[in-house]
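**Q** Protein sequence lines, in the order shown, are assigned to chains A and B. Quick note on numbering: UniProt numbering labels position 136 of the first sequence as 136, and the sequence is numbered without any gaps. Quick note on numbering: UniProt numbering labels position 115 of the second sequence as 115, and the sequence is numbered without any gaps.
Treat the hints as calculated values from the structure; they're not laboratory data. Please read these numbers as outputs of a predicted model, since none were measured by experiment. One should not assume that every hint holds.
Unchecked claim - Covered stretches of chain B, as calculated for chain A (at least 3 residues, CB under 8 Å):
1. 70-80
2. 92-106
As the list claims (entries may be wrong) - So the derived list for chain B, only partly shown, Cβ under 8 Å to chain A, looks like this:
3. 83
4. 85
5. 89
6. 154
For each residue, glycine too, the CB sits at the ideal point set by N, CA and C.
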Amino acid sequence: MLGDIASVIVDGALISAVYALIAIGFTMVFGVGGVLNLAHGALIMAGAYTYLSLVSDSILASVTLHPIVAFPLTVVIVGLISYGLYVVLVRTIEENVVITFLATIVVAIAFTELVTLVFHAQPYQYSVVPGVLQVQALGTRILYVELAAFVASWGAMGLLWYYVTKTDSGRSIRATSMSERGAMLTGVDVPGVRARTWLVAGGLAGIAGVFLGGIGAAEPTMWLEPLALAFIIVVVGGIGSIKGSVAAAYIVGYLQTATGQFLGQSVRGIMSLVVLVVVLLVLPQGLYGTEFVHE
Amino acid sequence: MSDPLLEVEDLDVYYGKSQALDGVSLTVERGEIGGIVGPNGAGKTTLLDAVAGFLDYGGTIRFNGRDVADLNPQQLVNDGLIYCTEDRDLFPFFSVHENLLMGAQFREDRDAVRADLTMVYDLFPRLDDRRDQEAQTMSGGEQQMLAVGRALMGDPELLVLDEPTLGLAPVIIDDISDAIETLNDQGQTLLLVEQNATFALRHAHRLSLLESGRVELSGSAAEFQNNDYITEAYVGIH
Numbered sequence: 001m002l003g004d005i006a007s008v009i010v011d012g013a014l015i016s017a018v019y020a021l022i023a024i025g026f027t028m029v030f031g032v033g034g035v036l037n038l039a040h041g042a043l044i045m046a047g048a049y050t051y052l053s054l055v056s057d058s059i060l061a062s063v064t065l066h067p068i069v070a071f072p073l074t075v076v077i078v079g080l081i082s083y084g085l086y087v088v089l090v091r092t093i094e095e096n097v098v099i100t101f102l103a104t105i106v107v108a109i110a111f112t113e114l115v116t117l118v119f120h121a122q123p124y125q126y127s128v129v130p131g132v133l134q135v136q137a138l139g140t141r142i143l144y145v146e147l148a149a150f151v152a153s154w155g156a157m158g159l160l161w162y163y164v165t166k167t168d169s170g171r172s173i174r175a176t177s178m179s180e181r182g183a184m185l186t187g188v189d190v191p192g193v194r195a196r197t198w199l200v201a202g203g204l205a206g207i208a209g210v211f212l213g214g215i216g217a218a219e220p221t222m223w224l225e226p227l228a229l230a231f232i233i234v235v236v237g238g239i240g241s242i243k244g245s246v247a248a249a250y251i252v253g254y255l256q257t258a259t260g261q262f263l264g265q266s267v268r269g270i271m272s273l274v275v276l277v278v279v280l281l282v283l284p285q286g287l288y289g290t291e292f293v294h295e
Numbered sequence: 001m002s003d004p005l006l007e008v009e010d011l012d013v014y015y016g017k018s019q020a021l022d023g024v025s026l027t028v029e030r031g032e033i034g035g036i037v038g039p040n041g042a043g044k045t046t047l048l049d050a051v052a053g054f055l056d057y058g059g060t061i062r063f064n065g066r067d068v069a070d071l072n073p074q075q076l077v078n079d080g081l082i083y084c085t086e087d088r089d090l091f092p093f094f095s096v097h098e099n100l101l102m103g104a105q106f107r108e109d110r111d112a113v114r115a116d117l118t119m120v121y122d123l124f125p126r127l128d129d130r131r132d133q134e135a136q137t138m139s140g141g142e143q144q145m146l147a148v149g150r151a152l153m154g155d156p157e158l159l160v161l162d163e164p165t166l167g168l169a170p171v172i173i174d175d176i177s178d179a180i181e182t183l184n185d186q187g188q189t190l191l192l193v194e195q196n197a198t199f200a201l202r203h204a205h206r207l208s209l210l211e212s213g214r215v216e217l218s219g220s221a222a223e224f225q226n227n228d229y230i231t232e233a234y235v236g237i238h
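Next comes chain A alone, as it looks inside the complex (with noise of 0.2 Å):
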């Protein structure tokens, strides 16, 4: 028993900074340019994918790169993957909110065909850090690629951090949602923070899926369980609240553990929407919901 609560305490912290990652990204898209976009997920499988490829020679045989290099660089290409989906295809469409969110469906069912067709439907295991610590004082074991994960994750986060918070380049992505017209006043290139904010969120994305990929499998299908997730962990945040994300990430993240350990994984999804309705029913602003002022 003793075992079970702390691996659910390492566990739920491990995972959660996995699913911060994944929501922030999605709450600054929709807060700066109110754009629901579905495709996020197809972003995070993107990421496990671009980084499966590089590493693997069974994919590209004349491919193959060391983690630390693969790594970063499927980061980068996430990121600009999103860019581009922002520039060739959203922005052209997005005063029209409901078009748009029916086009970023229309991408993740598009790229979710895409990894079919090129690399079937089986589930690719892969390692980015192979190895397991056993922690004999508490009777239970982590695997090296969620330490891996934790780490990246909250290292990304203190970058963000820094980023939004100590730049002006960042600080105008936080101001641009809060007020646009604000914004525009004191002369911030309102698309240009669109389009950088799009960039980071892929980036973001783009380390999630490797790790997701690397504690599960890539396979087709796998972005939609972290989809949904961000999307309640925003609703329970407050929508546009990058703060709220991480609080609310780790709400459900140790939910989800918890119920997955005590109850079965069979209902670990369950809870995660118990909370939503509840947290839509009592405070439907969400934790830090107040953050988030659309005109």
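Fit chain B to the known structure of chain A by using the hints.
**A** Frame of chain A, contents of chain B only:
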């Protein structure tokens, strides 16, 4: 004789089929305080929105010799046309300090930005006391000071103020008054738009009266003060 910073010629603005501005012309000279007075709904804010690049219009608007029709709001801010709106449009969850930093976010010369921060905090000591307070938690008067302060951080050539006294207590209006005079003494050009004609007459060198989308009267402050219609309809008996 003139070196106008802002020239508006024969300006027409339509919202759909209804005409909000009809043949409006006015100028603001470098170094002066230009004033626009008029009742609610006369088109004052529409005029400013057009000047700041937010609206399509007919006619001509030139700022610093450049045609505003060719520029977007962002470029106009970069060129020094800083618009402080009636709604203030502050960043509600940013601190006073962050709001001020946002006002200068596009500027390269960081030393000048630091000097301007000191200048703004000197001009409005209340802001200095509240550097870390969130904008949304401040009183209307403090928010107005912050809005003017944020605009000043953009190093304006022309500072446009829309209804800076609206809903403010007399004490606070005095603070805003002092700030306007201090800035103008330092060479700041301003365009002051007010329903509160008494306030506008106290500061502006030249004024225009806007009613139902037209300029009904324009002239110097002295001419406005001696005009019976203005004193009766807008200033009241003092």
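**Q** Look at each hint and say if it fits the structure.
**A** Hints and how they fare:
no. : hint   : result
1   : 70-80  : holds (count 4)
2   : 92-106 : holds (count 9)
3   : 83     : 6 Å, holds
4   : 85     : 7 Å, holds
5   : 89     : 4 Å, holds
6   : 154    : 6 Å, holds
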